[in-house]
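Chain B: place on chain A using the hints.
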Amino acid sequence: MNDTAGSGGGVKLKIDGVAKNFGGVRAVSGVSAEVQEGEIFAIIGPNGAGKTTMLNMISGFYHPDDGSISFEGTNITETKPSEIAALGIARTFQNIALFRGLSVLDNLMLGRNVLMKTGVLSAFMYWGPAQREEVEHRARCEEIIDFLKLNDLRKTPAGALAYGLQKRVELGRALAAEPRLLLLDEPMAGMNQEEKEDMVRYVLDVNQEWGTTIALIEHDMGVVMDISDHVMVMDMGEKISQGTPDAVRADPKVIEAYLGTTDHKEVA
Amino acid sequence: MEWQFLFELTINGLLTGMMYALIAVGFVLIYKSTDAINFAQGEFVMIAAIVVAGMAANYGFPIVAAIAVGLLFMIVFNFALERIVLRPMIGRPVVSIIMATIGLALMLRGAGPLVFGAETRPLDIGVPDEPLIWGPLFMTPIDVVGAGISIMFLAIFGWFFMKSRKGVAMRAVADSHMISMAMGINVERYFALAWILAGVVALLGGLVWGSAIGVDTQMAALGLKVFPVVILGGLDSIIGVVVGGLIIGVCEALAAGYIDPLVGGGTKDFTPYVLMILVLMFRPYGIFGKPIIERI
Chain A
1 MNDTAGSGGG VKLKIDGVAK NFGGVRAVSG VSAEVQEGEI FAIIGPNGAG
51 KTTMLNMISG FYHPDDGSIS FEGTNITETK PSEIAALGIA RTFQNIALFR
101 GLSVLDNLML GRNVLMKTGV LSAFMYWGPA QREEVEHRAR CEEIIDFLKL
151 NDLRKTPAGA LAYGLQKRVE LGRALAAEPR LLLLDEPMAG MNQEEKEDMV
201 RYVLDVNQEW GTTIALIEHD MGVVMDISDH VMVMDMGEKI SQGTPDAVRA
251 DPKVIEAYLG TTDHKEVA
Chain B
1001 MEWQFLFELT INGLLTGMMY ALIAVGFVLI YKSTDAINFA QGEFVMIAAI
1051 VVAGMAANYG FPIVAAIAVG LLFMIVFNFA LERIVLRPMI GRPVVSIIMA
1101 TIGLALMLRG AGPLVFGAET RPLDIGVPDE PLIWGPLFMT PIDVVGAGIS
1151 IMFLAIFGWF FMKSRKGVAM RAVADSHMIS MAMGINVERY FALAWILAGV
1201 VALLGGLVWG SAIGVDTQMA ALGLKVFPVV ILGGLDSIIG VVVGGLIIGV
1251 CEALAAGYID PLVGGGTKDF TPYVLMILVL MFRPYGIFGK PIIERI
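In order, the protein sequences belong to chains A and B. Every letter in the first sequence is one number past the one before it in the working numbering, and letter 159, counting from 1, is 159. Every number in the working numbering is 1000 more than the matching position in the second sequence, counting from 1.
Next up, chain B with everything else stripped away, as it sits in the complex:
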């Protein structure tokens, strides 16, 4: 019985972890290509879900149409955001970009409910609610679907970055803005592409997480999970994001299963951050990162 419980927690943790990876990959996309630390990735996820759920609930859109509206909204919104707010800030201190994204995050938390109302809405993307029972294993269908969607899109992204010409160019931009310019790469265009892709990923994250936990401004808190994920897995690759996401997912599940009953609950929510702080204390370059040796 004991090992079955552990097995179930681990499997469910892995599924949740894949869904965290989906959110973190949006953050990494932007960090890698533009050097900007985006504190609003959680809010992107939230606003995408609010738009989709709001269109469906308030205006009676069928779910597919609502998702299409959400997708269009995220693309246009992030494109405009990059163009109007962030591009003029290129070359300014990193801190001013961070402040801008924090301001943006707070704005989005206000704007979503302002337009669509503040109540918590279910988001039904057609995934059944009855748990999947597979031998001794209990799984929530949306977790399985969410993990599946994550794996699929992370694989597509992986292919895009490793094999496609635009993806290689994007890695080049991430590597060095100056050299990219000398290669005739229009760096600003790739900044725009990075933000747009981050918006699209946020929509996917919003759909799976919205279905799993319901849609309201609380969803923005998911964005904070990005930090332990990237600290643990590293910022360098999609694999790193997956690894980080899986560690956080499993760690949360185990905390919920073993520690919460002893102390009365709540440890699930902060365990990832404890782990993050421990990692920063003992391996400040991340679990998989290499220490940077500076030649003097």
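Next comes chain A alone, as it looks inside the complex:
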């Protein structure tokens, strides 16, 4: 649907030599990567590898100290989070970030905020075009509610839901924005096996049925290797490997980072 011919072919997101320091800590240094249109791209690595920092830079919460990021050919290195959301990048958070006091439906409707025509005064006008638009948005939210099987929970305050369901609502809210790039920060963290399987199925469905490009961070190796088209491995703020799941799994540097062997040769 978004074949940006001429602007880098199938490259959805291009990260070029990005670096970020916090005080003296080098959270990310010199990372480059490309996310292809329509794929599932996973970022993995031990704790503190800089994965979330990476995601925060893509979504505009941090700005890189060095390097650049572009989305569909548009440079978004210094763009504000609200504007990046408006460009078509939606995200979820590692620690659930729902509006706890608002209902599930309101949370989803707010996900569509970027698609709504603005104008403070129009809020006071409930009739006419404003109402038609409202009905339209509501209908799309209902589709997502059906898709994620949240039907009975529309009016429930998000903060009152069980953990796994909150994660699902958060995914739904990101989907409500009809993003062309979806960023998921540990979508399966803290879930039991059943919840994980559900979430994997939803992520795959979103990718395959709606053609949404997805970049995700995940700790569950099994899941990552199963669903991803490409994997990037980070350690200590640097990219240490990238490729297909099989290639990455066989990379000695990846094994070292994960098993923590100090002298790789001796073991091998």
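These are computed hints drawn from the structure, not numbers from a lab. Any given hint could be a false lead.
Stated by the list, open to error - So the derived list for chain A, only partly shown, Cβ under 8 Å to chain B, looks like this:
no.	residue
1	Thr79
2	Ser82
3	Gly190
To be verified - Heads up, simulated DSBU-like pairs for lysine-lysine below, C-alpha to C-alpha not over 35 Å straight-line:
no.	chain 1	residue 1	chain 2	residue 2
4	A	Lys253	A	Lys196
5	A	Lys155	A	Lys80
6	B	Lys1032	A	Lys149
7	A	Lys196	A	Lys155
8	A	Lys80	B	Lys1032
9	A	Lys80	B	Lys1163
10	A	Lys80	A	Lys196
11	B	Lys1166	A	Lys155
12	B	Lys1166	B	Lys1268
13	A	Lys14	A	Lys253
14	B	Lys1166	A	Lys80
15	A	Lys149	A	Lys253
16	A	Lys196	A	Lys149
17	A	Lys196	A	Lys14
18	A	Lys155	B	Lys1032
19	B	Lys1163	B	Lys1032
20	B	Lys1268	B	Lys1032
21	A	Lys155	A	Lys253
22	B	Lys1268	A	Lys155
23	A	Lys149	B	Lys1268
24	A	Lys149	B	Lys1163
Note that CB positions come from ideal geometry on N, CA and C, so glycine has one too.
Relative to the frame of chain A, chain B by itself:
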């Protein structure tokens, strides 16, 4: 006779309470959406009333035109205030925002009389003075009108926050600034909207209270009533503000009716604060607030 007196005090207390709620809702609007504690809400009410009364008395504006000028002034003033003073302070410690609003409050107390003169002026918005007598019940017309205006606008606000898209977005901003940004909500724009709405509410408060007690810098003291109202009712909702306002209104009326004659007067003015301190001692999370249980 005794129960009639109680009934009359209660009814009048409820009417006054609704008018307190109108002032407190401006404070809550700002606190909820921007996390700022605005010590100048009383001064907003005062300056709005001074502008309206001043335009009418000094420049001979008809009352409707004076109100329009007041409305325009409050919108422009609060918009500029948010833009110039408060927005750069986002992310600073809460205490610096509090200090800024206290400074603003004192400035407004000086600036109003400086421009329009310091005398106490009546504000006539066309409400008659003769008391309404309804059976055994004595009511002041402006209290009835004021309570009516409060109910009407609180209902509009309630609808706005619960049903309208902008209102829902505003609740989202109140819930979390960071997540709102991720949703593509321009958080700063809603901060501006909150301050503007607080200015509009202050104008309404200024009109009804100005008509009831006359317009001068004393009106700013109304702002202090906000604190017992929100402590008692809670900061979370418009309902909370109404409940808090009604409790304070009735409590004042009863103190004036029963305690003042015994001790020679004055208890009406501090009873709300005594109640507030008692509540803080025994239910620090407010009468209706839930205790926050922290998981360790």
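Hints and how they fare:
no.	hint	in the structure
1	Thr79	violated, 12 Å
2	Ser82	holds, 5 Å
3	Gly190	violated, 14 Å
4	A:Lys253 with A:Lys196	holds, 28 Å
5	A:Lys155 with A:Lys80	holds, 31 Å
6	B:Lys1032 with A:Lys149	holds, 32 Å
7	A:Lys196 with A:Lys155	holds, 25 Å
8	A:Lys80 with B:Lys1032	holds, 23 Å
9	A:Lys80 with B:Lys1163	holds, 28 Å
10	A:Lys80 with A:Lys196	holds, 32 Å
11	B:Lys1166 with A:Lys155	holds, 18 Å
12	B:Lys1166 with B:Lys1268	violated, 40 Å
13	A:Lys14 with A:Lys253	holds, 24 Å
14	B:Lys1166 with A:Lys80	holds, 21 Å
15	A:Lys149 with A:Lys253	violated, 41 Å
16	A:Lys196 with A:Lys149	holds, 15 Å
17	A:Lys196 with A:Lys14	holds, 29 Å
18	A:Lys155 with B:Lys1032	holds, 22 Å
19	B:Lys1163 with B:Lys1032	holds, 17 Å
20	B:Lys1268 with B:Lys1032	holds, 29 Å
21	A:Lys155 with A:Lys253	violated, 49 Å
22	B:Lys1268 with A:Lys155	violated, 43 Å
23	A:Lys149 with B:Lys1268	violated, 57 Å
24	A:Lys149 with B:Lys1163	holds, 24 Å
In summary, the structure is inconsistent with hints 1, 3, 12, 15, 21, 22, 23 from the numbered list given earlier, while agreeing with the others.
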